[in-house]
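Same order as they appear, the protein sequences are chains G and V.
Sequential numbering from 1 applies to the first sequence in this note's numbering.
Sequential numbering from 1 applies to the second sequence in this note's numbering.
Worth flagging that the hints you see were computed from the coordinates, not collected in a lab.
Predicted model only: the values in this text are computed from it and were never measured.
Be aware that one or more of the hints could be misleading.
What the hints assert, rightly or not - Distance windows between CB atoms, simulated:
id, chain 1, residue 1, chain 2, residue 2, range
1, G, Thr84, V, Gln35, 58 to 64 Å
2, G, Gln58, V, Gln290, 36 to 42 Å
3, G, Leu263, V, Pro312, 44 to 50 Å
4, V, Pro237, G, Gln262, 46 to 52 Å
5, G, Asp222, V, Gly235, 44 to 50 Å
What the hints assert, rightly or not - Over the 10 Å line for every Cβ pair with chain G, so calculated as not near, a few chain V residues:
id, residue
6, Asn150
7, Pro168
8, Gln213
To be verified - The calculated lysine to aspartate or glutamate pairs, modelled on DMTMM-like cross-linking and capped at a C-alpha distance of 25 Å, are:
id, chain 1, residue 1, chain 2, residue 2
9, G, Lys211, G, Asp141
10, G, Lys86, V, Glu177
11, G, Lys86, G, Glu172
12, V, Lys166, V, Asp180
13, G, Lys86, V, Asp337
14, V, Lys166, V, Glu177
15, V, Lys222, V, Glu38
16, G, Lys211, G, Asp222
17, V, Lys316, G, Asp141
Even for Gly, the Cβ is constructed at its ideal location relative to N, Cα and C.
Here is what each chain is made of, one letter per residue.
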Amino acid sequence: MNETLLIGLAGILAAAAPVVFAVVGETITERAGIINLSLNGTILLSAMTGFTVAVSTQSLVLGFLAGALVGALVAAVVAALSITLKQSQVAVGFVLALMCRDLAYFLGNPVMGMSGPRVPSLPIPGLADIPVLGVIFFRHDILTYLSFILIAVAYLYVFKTRPGLMLQGIGERPAAAYVRGANVNRMRYLYTILGGAIIGMAGPMYSLSVKAGWKGTISGLDGIGWIALSITIFGGWSPLRAAFGAYLFAFLQWLGLVLQPQLPNVPSQVLQVAPFPLMILTLLLVNIGNAEWVDRTLAGLPEETRRLLARLLRAMRTSPPASLGVPFESD
Amino acid sequence: MHDRKSRWISAAFQVLAVVTALLFTTAVMLLVKAQPLEAYKNILIGSFGSVTKISDVLVAWVPLLLAASGLLVTFAAGLWNIGIEGQITLGAIFATGMLRLLQDSALPPELIILLGFVAGAAGGMLWAGLVGLLKIYGGVNEIFGGLGMNFVSTALTIWLIFGPWKRPGVGSMSGTEPFDPSLWLPMLPGLRLSPWSLVIAIAAILIVFLLLQGTHFGLRLKAVGRNGRAAFLMGVPTARYMFLAFILCGLFAGLAGSVQVLAVYHRLIPSISSGYGFLGLMIAMLVNYQALWVAPVALFFAALNIGSIQLPIVLKLDSTLSGVLQGALVLFVLVMDGVRRRFTQKR
């Protein structure tokens, strides 16, 4: 394999790392039955805060902690307003998405364009020298490695552990989980805040690594949160599939950059957003099995075609947790 | 008697929400060591300090009012039309396309402008209709379908500006070639404000108000929004009503985009929707989806946007301060509504 391709693939893994954090955090939140729509604002605000803290304390660790704290705080507001004060989750999340973005730009004005610390690269001794695989997987900074670990841990936790089973329960059938002794609303608080902290890590991952620095409105981070939200749906509420979506998105954006010289008439901004029509199409494909008219149409088809199509649709289909966005009342 | 008391309590909580939002924004300013009173004063002068400023506020009021009007219809049907940004953009693209098509023809300019509006409305309806179809027949939630369509519309704008519609020579972020002044919507002398766009926006909110308050259609639409299943069982064709709500919202959004092209920028620019769609969503939330209050709240939001423009020059503060205050207002109105409900439920 040629060198450019290998470096390209390695670059995709690194560029997707923050998105992986965002989609895994959101997946955990939504698994518990809460939609945190504030992602776009959370990521910008945590990026700015993480950068500011890292610059003023010269500590990368504190920068990342600050980012996670911002994410957890915003998520706590979402939880408090939707669970305790019974407001629409979508409304609260949307307002926070816009307000935190503007807060980030306003508060970040003084540190705009400053040079700050940057997470160093950390090739893993021994493994980094393996041909092909070494270049792709083992010559990153610590955050990219963490993103790999996060995917595995989140997947195992949700699907293979008892608390994970309970997490699925409070998102699917909160009443049943309640009967079995779960404090549904307290757990929803907990997972929303935990998910928010993970989402909040994505911000400093940009401002201290992938797109180091804070450049205000031209930081190029606006929109990433909305993308991550779409990827979470695409991921069908599975950490593994969501991570796959994040890598697919990064791959398509990289492909756009690579194809640029071959298509001189197409502006680069267009190739950058080329994944979106594809994203809508996949959303359509994974959702269309849920539509009522599809069942009706299928029922009218000859037996063999019907069975084939039904199996195809079922393979692609994903359904949200049954109680996603639905408030839970214990009495 | 009881009703009057609860209305007073409700009003008191709303005042409390506004005060809290102002305190929050003031605290944010103190965080960057700014002078809050200076900033508020500047916003006030920057929005209502002169006839030119007032006219600029009204220029921003028009698309906000159009967007919020359309959103009242989708909200009535229980739909979150976050794709409105893209619908405004498509309106602008279609209006620009129509003008480019006809600008060298022998048609009278008034007719070309009118056809521009028709095309813009069609563009908005097309984009909203697609979100509606995805939602109704594809099972794609309108929030995610709409978000995707927003990104596609942005890409389309940039492709047009740098590709087929690029300026003679080289395309640039400043947009397409400006139209001949004969194709501009007539403006008041010396101002950037066109009385025609004011007429369109005021007509829009009046139509929506009457539609939702006084018609059978509005009543059934609200039934769909409150409880779609029940409405369906009562014989309301829910799918058709939801689709119509999207189409109507798209129409107003498309008109907003057309106004930006025909009366404000006189060309297509990369961020032609200027975030007015998202602000429209905030306005609709702030007025609790009641048509009566949309016009004054939209005017206030427009004043904040225009008034904050000079903050970076005069006080070295970022102009996103207006967005912080707008967001804080909606957020604290939601908070206070929740607190009031808990407070009144316990009695």
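Results for each hint:
no., hint, verdict
1, Thr84/G - Gln35/V: 58 to 64 Å, "violated, 36 Å"
2, Gln58/G - Gln290/V: 36 to 42 Å, "violated, 52 Å"
3, Leu263/G - Pro312/V: 44 to 50 Å, "violated, 38 Å"
4, Pro237/V - Gln262/G: 46 to 52 Å, "holds, 49 Å"
5, Asp222/G - Gly235/V: 44 to 50 Å, "holds, 45 Å"
6, Asn150, "violated, 8 Å"
7, Pro168, "holds, 16 Å"
8, Gln213, "holds, 23 Å"
9, Lys211/G - Asp141/G, "holds, 13 Å"
10, Lys86/G - Glu177/V, "violated, 50 Å"
11, Lys86/G - Glu172/G, "holds, 19 Å"
12, Lys166/V - Asp180/V, "holds, 16 Å"
13, Lys86/G - Asp337/V, "holds, 9 Å"
14, Lys166/V - Glu177/V, "holds, 7 Å"
15, Lys222/V - Glu38/V, "violated, 45 Å"
16, Lys211/G - Asp222/G, "holds, 13 Å"
17, Lys316/V - Asp141/G, "violated, 37 Å"
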